[in-house]
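Enquirer: With the hints as constraints, model all of the structure from the sequences given.
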Amino acid sequence: GQNIDQPTEMTATEGAIVQINCTYQTSGFNGLFWYQQHAGEAPTFLSYNVLDGLEEKGRFSSFLSRSKGYSYLLLKELQMKDSASYLCAVRDRGSYIPTFGRGTSLIVHP
Amino acid sequence: DTGVSQNPRHKITKRGQNVTFRCDPISEHNRLYWYRQTLGQGPEFLTYFQNEAQLEKSRLLSDRFSAERPKGSFSTLEIQRTEQGDSAMYLCASSSTGGLSNEQYFGPGTRLTVT
Numbered sequence: 001g002q003n004i005d006q007p008t009e010m011t012a013t014e015g016a017i018v019q020i021n022c023t024y025q026t027s028g029f030n031g032l033f034w035y036q037q038h039a040g041e042a043p044t045f046l047s048y049n050v051l052d053g054l055e056e057k058g059r060f061s062s063f064l065s066r067s068k069g070y071s072y073l074l075l076k077e078l079q080m081k082d083s084a085s086y087l088c089a090v091r092d093r094g095s096y097i098p099t100f101g102r103g104t105s106l107i108v109h110p
Numbered sequence: 001d002t003g004v005s006q007n008p009r010h011k012i013t014k015r016g017q018n019v020t021f022r023c024d025p026i027s028e029h030n031r032l033y034w035y036r037q038t039l040g041q042g043p044e045f046l047t048y049f050q051n052e053a054q055l056e057k058s059r060l061l062s063d064r065f066s067a068e069r070p071k072g073s074f075s076t077l078e079i080q081r082t083e084q085g086d087s088a089m090y091l092c093a094s095s096s097t098g099g100l101s102n103e104q105y106f107g108p109g110t111r112l113t114v115t
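Chains as they are written, first to last, in the working numbering: chain A, 1 to 110; chain B, 1 to 115.
Note that these hints are calculated values from the structure, not bench results.
Where is the CB? At the ideal position from N, CA and C, for every residue including glycine.
Be careful, since some hints might not be right.
As the list claims (entries may be wrong) - Here's a subset of chain B near chain A, in silico, CB distances under 8 Å, partners left out:
(1) Arg31
(2) Tyr33
(3) Tyr48
(4) Phe106
(5) Gly107
Claimed, not checked - Quick look at which bits of chain B chain A covers, simulated, 3 or more residues with Cβ under 8 Å:
(6) 39–46
(7) 93–101
Expert: Here it is in structure tokens:
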């Protein structure tokens with residue numbers, strides 16, 4: 001299993017940049033996912049990292065350092081619609097099943 | 001195909017009753033997962049199928065919970081003798097076997113309220 005830690009809540013201003021951190025402990029690593037979940041809706045896939053480094057996808061980027069057990073999700077040019085919970089999930093080696101963190105509730109204000 | 005679908009979307013039941021939920025995954029996905037989510041928490045794994053075989057069950061899954069995927073397509077999750085602690089959102093997800101990430105696609109969930 002994994003211990004996944006991410007901040008409970010963050011606030012940011014429209015148009016700004018925000019970084020959501022995730023730390024994890026696992027006996028064997030096989031990928032890290034970020035999902036976005038709006039209130040009352042299903043999680044939707046944002047990004048996947050299995051190798052160290054930065055993956056960029058439009059306004060969203062995700063970074064991974066396996067040696068540090070650390071990832072972050074970077075959101076640029078924040079929009080009001082980015083207000084949501086952001087879930088970090090880690091998959092163990094040999095498993096198809098990611099374990100989810102509690103999520104970080106991001107509030108974007110004008 | 002419009003994605004993963006789940007029925008019903010909402011279910012209110014009295015304590016002690018049995019309930020059954022259905023999940024229809026994305027048609028070409030052979031992996032199917034059930035999760036439970038409560039307010040302020042991330043999805044908690046319940047069970048996993050590859051085709052019709054149930055390959056993994058969480059140790060947290062009590063014997064009141066049972067899941068099936070008889071033909072390797074849709075799946076059902078049944079909760080017997082419901083308890084108030086079963087109140088949660090029940091999420092179904094599916095994924096393919098090809099590719100590197102095999103990310104999960106989630107359905108809209110079934111919100112269960114046990115009174």
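Enquirer: Each of the hints needs a verdict: does it hold here or not?
Expert: Now the hints, each set against the structure:
With 8 Å as the threshold, the beta carbon of Arg31 of chain B comes within range of chain A, its nearest partner Cβ sitting at about 6 Å, so the hint holds. With a cut of 8 Å, the hint placing Tyr33 of chain B at the interface with chain A holds, because the nearest CB-to-CB distance is about 7 Å. Satisfaction of the interface hint for Tyr48 of chain B is found here, the shortest Cβ-Cβ separation to chain A being roughly 6 Å, below the 8 Å cut-off. Taking 8 Å as the C-beta contact cut-off toward chain A, the hint placing Phe106 of chain B at the interface holds, the least distance being around 4 Å.
Below 8 Å, beta-carbon pairs count as interface contacts, and Gly107 of chain B has one with chain A at about 6 Å; its hint therefore holds. Under the rule that three or more residues need a Cβ within less than 8 Å of chain A, the assignment of the stretch 39–46 of chain B holds, with 6 such residues. Counting residues of the stretch 93–101 of chain B whose C-beta lies closer than 8 Å to any C-beta of chain A gives 3; at least three are required, and the coverage claim holds.
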